[in-house]
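Asker: The primary structure of each chain is shown beneath.
There are 2 protein chains.
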Amino acid sequence: MSILLSRKNTQRSLYSSCKLAFPLLDMEIGSASDEKAGLFARGWRRLKAFSENFNANVVKVAKKIKKLGQDDPRTFIHSLKVGLALTLVSLIYYFRPLYAGFGVSAMWAVLTVVVVFEFTVGATLCKGLNRGFATLLAGVLGVGAHHLASLSGEKGEPIILGIFVFLLATASTFSRFFPHIKARYDYGVLIFILTFSLVAISSYRVDEILEMAHERLSTIIIGSVTCIVITISICPVWAGEDLHNLVALNMEKLADFLEVFGGEYFIIAQDGANVVVSKDDNPFLQGYKSVLNSKTSEESLANFARWEPGHGRFSFRHPWKQYLKIGALTRQCAYQIEALNDYINSEIQVPQEFRREFQQSCTKMSSESGKALKGLASAIKTMTYPSSANDHVENSKTAANDLKTTLKAALLENTELLQVIPAATVASLLIKIVTCTDKIAESVHELACVANFRRVDTNVTPEKPQLRPPGTVKPLSDTDGPHVLLTVCGASLALAENENPQANMACQAHGSVNIC
Amino acid sequence: MSILLSRKNTQRSLYSSCKLAFPLLDMEIGSASDEKAGLFARGWRRLKAFSENFNANVVKVAKKIKKLGQDDPRTFIHSLKVGLALTLVSLIYYFRPLYAGFGVSAMWAVLTVVVVFEFTVGATLCKGLNRGFATLLAGVLGVGAHHLASLSGEKGEPIILGIFVFLLATASTFSRFFPHIKARYDYGVLIFILTFSLVAISSYRVDEILEMAHERLSTIIIGSVTCIVITISICPVWAGEDLHNLVALNMEKLADFLEVFGGEYFIIAQDGANVVVSKDDNPFLQGYKSVLNSKTSEESLANFARWEPGHGRFSFRHPWKQYLKIGALTRQCAYQIEALNDYINSEIQVPQEFRREFQQSCTKMSSESGKALKGLASAIKTMTYPSSANDHVENSKTAANDLKTTLKAALLENTELLQVIPAATVASLLIKIVTCTDKIAESVHELACVANFRRVDTNVTPEKPQLRPPGTVKPLSDTDGPHVLLTVCGASLALAENENPQANMACQAHGSVNIC
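Protein chains in written order, with our numbering: chain A, 1124 to 1639; chain B, 1124 to 1639.
Under the rule of at most 27 Å between Cα atoms (straight-line distance), these lysine-lysine pairs were calculated in the DSS-like manner:
| no. | chain 1 | residue 1 | chain 2 | residue 2 |
| --- | --- | --- | --- | --- |
| 1 | A | K1562 | A | K1504 |
| 2 | A | K1418 | B | K1418 |
| 3 | B | K1448 | A | K1418 |
| 4 | A | K1448 | A | K1562 |
| 5 | A | K1305 | B | K1189 |
| 6 | A | K1412 | B | K1305 |
| 7 | A | K1418 | B | K1305 |
| 8 | B | K1448 | A | K1412 |
| 9 | A | K1418 | A | K1504 |
| 10 | A | K1527 | A | K1562 |
| 11 | A | K1412 | B | K1412 |
| 12 | A | K1305 | B | K1190 |
| 13 | A | K1444 | B | K1187 |
| 14 | B | K1444 | A | K1418 |
| 15 | B | K1171 | B | K1186 |
| 16 | B | K1412 | A | K1444 |
| 17 | A | K1412 | A | K1562 |
| 18 | A | K1187 | B | K1305 |
| 19 | B | K1183 | A | K1305 |
| 20 | B | K1562 | A | K1412 |
| 21 | A | K1562 | B | K1418 |
| 22 | A | K1412 | B | K1418 |
| 23 | B | K1418 | A | K1448 |
| 24 | B | K1412 | A | K1448 |
| 25 | A | K1190 | B | K1418 |
| 26 | B | K1412 | A | K1418 |
| 27 | A | K1190 | B | K1305 |
| 28 | B | K1171 | B | K1183 |
| 29 | A | K1187 | B | K1444 |
| 30 | A | K1412 | B | K1444 |
| 31 | B | K1412 | B | K1448 |
| 32 | A | K1305 | B | K1412 |
| 33 | A | K1418 | A | K1305 |
Rather than coming from a laboratory, the hints here were simulated on the basis of the structure.
For reference, chain A alone in the conformation it holds in the complex (with noise of 0.2 Å):
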């Protein structure tokens, strides 16, 4: 029993890291067999609890793959897009004929389309073209530092090369610094650096320099049209439609808030101070936060487009600079809603005298802008003029003027100030927010006019004839020939940099009309 017992005790200090061994190996005193069979149940208990949490730990990660993969099925169409090139670059190892030709020089195709391989097209031809070119010129400088630094002596040539190297990589590297450089040829100046320095220093070592230049850019060449054209024939993913979609979606998410808003503020001045809308419930108040932060991805975009050719309903010339123009407007009109958005839950009552006007006008504001900035997103995204829109902002513009008189008549009675400010403050942001909107359509209208969007019938909505509101832009014919923008009671309409020289002739000879 002793002995039974110590034994107990070594395997309690075995088993002690383990707090289900306890309970377990108390039950077990007395029997040889049964603690055998303990043992076995233990162990299989362990496997079974091991196997559950890998099992469970394998269905968290397929439900994050798969919720990624239906996010987005383009991720998972790249991998695969990744995988192929590789394989197909890694053929010129397997058949012997090839691997003849560039021998070890292969490897250099394969280092290639892993670097190259980009998300979207834009991003692969930068990287491919800077890469290409890069070598190209590194490789003939790499050359001629060699050709220079050999004439100095077999001493005289490592210090030589040591120098170039080491000014030329100095240099480069500080140019990255610069933004125009570090915006679109940040990736050639790095292969400038690595290629001028493996040759010129290389060449020290091996003989065939010339060969061995001529064999690697071939293979660069070889891994990057691979990618380039594996990119663009197998759903290709453009960055200058992905910018296109982005400008619209954020359009379309405050127009989200912006409709939902009047309803969520007026609930709580109905009901009283102290309703508190969940924000977080409703995702068409939260959508907008992204907005306001998409300066980054949208310059990215825009930057990669600029290399893309002509694609689906965009020519190679498309002006996406305008985009970041109507980006950065959108973004004006997120901050000003996210100092809207804190007065949500604010303790807010408006004054019973002008509750119900002043709710409508703002509702109205709202509701308004929510729908011109619908309308601009979504003539965006059909690439036809933004017409339907103009209605919506002149309605917003009215509902402002409304809010005003509504003011200047609770001016009659007694109101309480103190109760006004935040209502005012809403009501003034409204306002600004109309401005916005109003900016944003001027500036969809200018891309309209830039970048040759579709004329669409007048008779869209039968029921109300469309007016054109003043400060839009009508166009010369119906025709695809150029457009013009005309400027009505004084709302000059400033043109953004264009990069379509026929329109932008257009736009300019008629840019100052002014026919009131």
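Assemble the complex: chain A is given as a structure, and chain B must be docked to it using the hints.
Answerer: Just chain B, lined up with the frame of chain A:
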């Protein structure tokens, strides 16, 4: 003469692209020597113009380089460091015994330096460690894949290898879309794909695959270590320190705006509606704009800061996440300021009846919030408890209450409601900014608690005893031991995810002590 004319004609056609040529030619008829002199003069003039143009461009670029170097001299030092690192690793080629040891694999050291050497220590460490571990793991897996594939015979090997590469590249590329992996291990996954593909594919042709993998790994380690040693030992740029300074600088920018705003706004109010303040002339009114889009840079700096060892005043597990929290609150405040900024040039008339009180309260709110933010920024910079900021936060709150009293008093007058609205909005936004500043102060106190900021003597402002306002942090003792949070008057401080377990335990243990 006819010959001369025909010659002239030939010349005319030769130089027809140059506008300068014709008047000169017209004067030259009849004298060959004159013509020669004219040609010379023309050439000289062109050369002069070219050299002047060239000089002007060189001066322009030089000025740009000088400005960039002066704005941040670290960019220049970084470039020199890259040059030095490259020159150092190229020594492997120049010294025969070293080259004999590594052979062609020496190029991986050069390649590693070019792609791993980043501006900050954290980014370099992140890339270097990612590269090292990914190469090791992928190398082992690649050798394993080669072993497995070789079992299937000469014909089956390339097929099995191709399938391995395809599957692994697809799965790894897909994993890069997960935000968590993207943020920390993106480069590692890229290198993993690269190395696995290279090892697995080239194993089909290269016999000494283990030796190759070993050589490659050692040269990559040499490259990474060179980068890390140089980046840490020569004028290191720490991502953590940059984040620390950026967060403080952003607060200062908001403070600059708030300190100036009161004055700028009421210049208009006093002089009438039409005085336009030129915002562009006043850098203090524009500086905050960069804060609006600071999220990306803050997040990437915090991401790199985690890789850095302890340095200067920062320990290895410094609570970098808390900086992101403070940064987010600062941006929140910047959004309110962006809304407020629109009112500087709008037509505002504060009714005569309560202008003085209104002006006083608003200016005080604005400037005291500004001073509080300056105090908090300076506390972060010097890593001391932000006790001096507390007074200003309290002052701004008092001013907000004064404003409410002022407005209540104004009720008795028959004020023009419509005129009040913009002023009321300004007041309302300022009240929000005061709330925001209070939140930032709380957040900085949390940072001071978890990062063990130094306690300064309480007699820093001798003319006024340092009162501890409600809702602030008080340490248990003045020693460097763990500090506690006392939540006073119901203002409970929510602790951020804490990276300092000792301080965290102390903070949590006392976190709910409520003394009133």
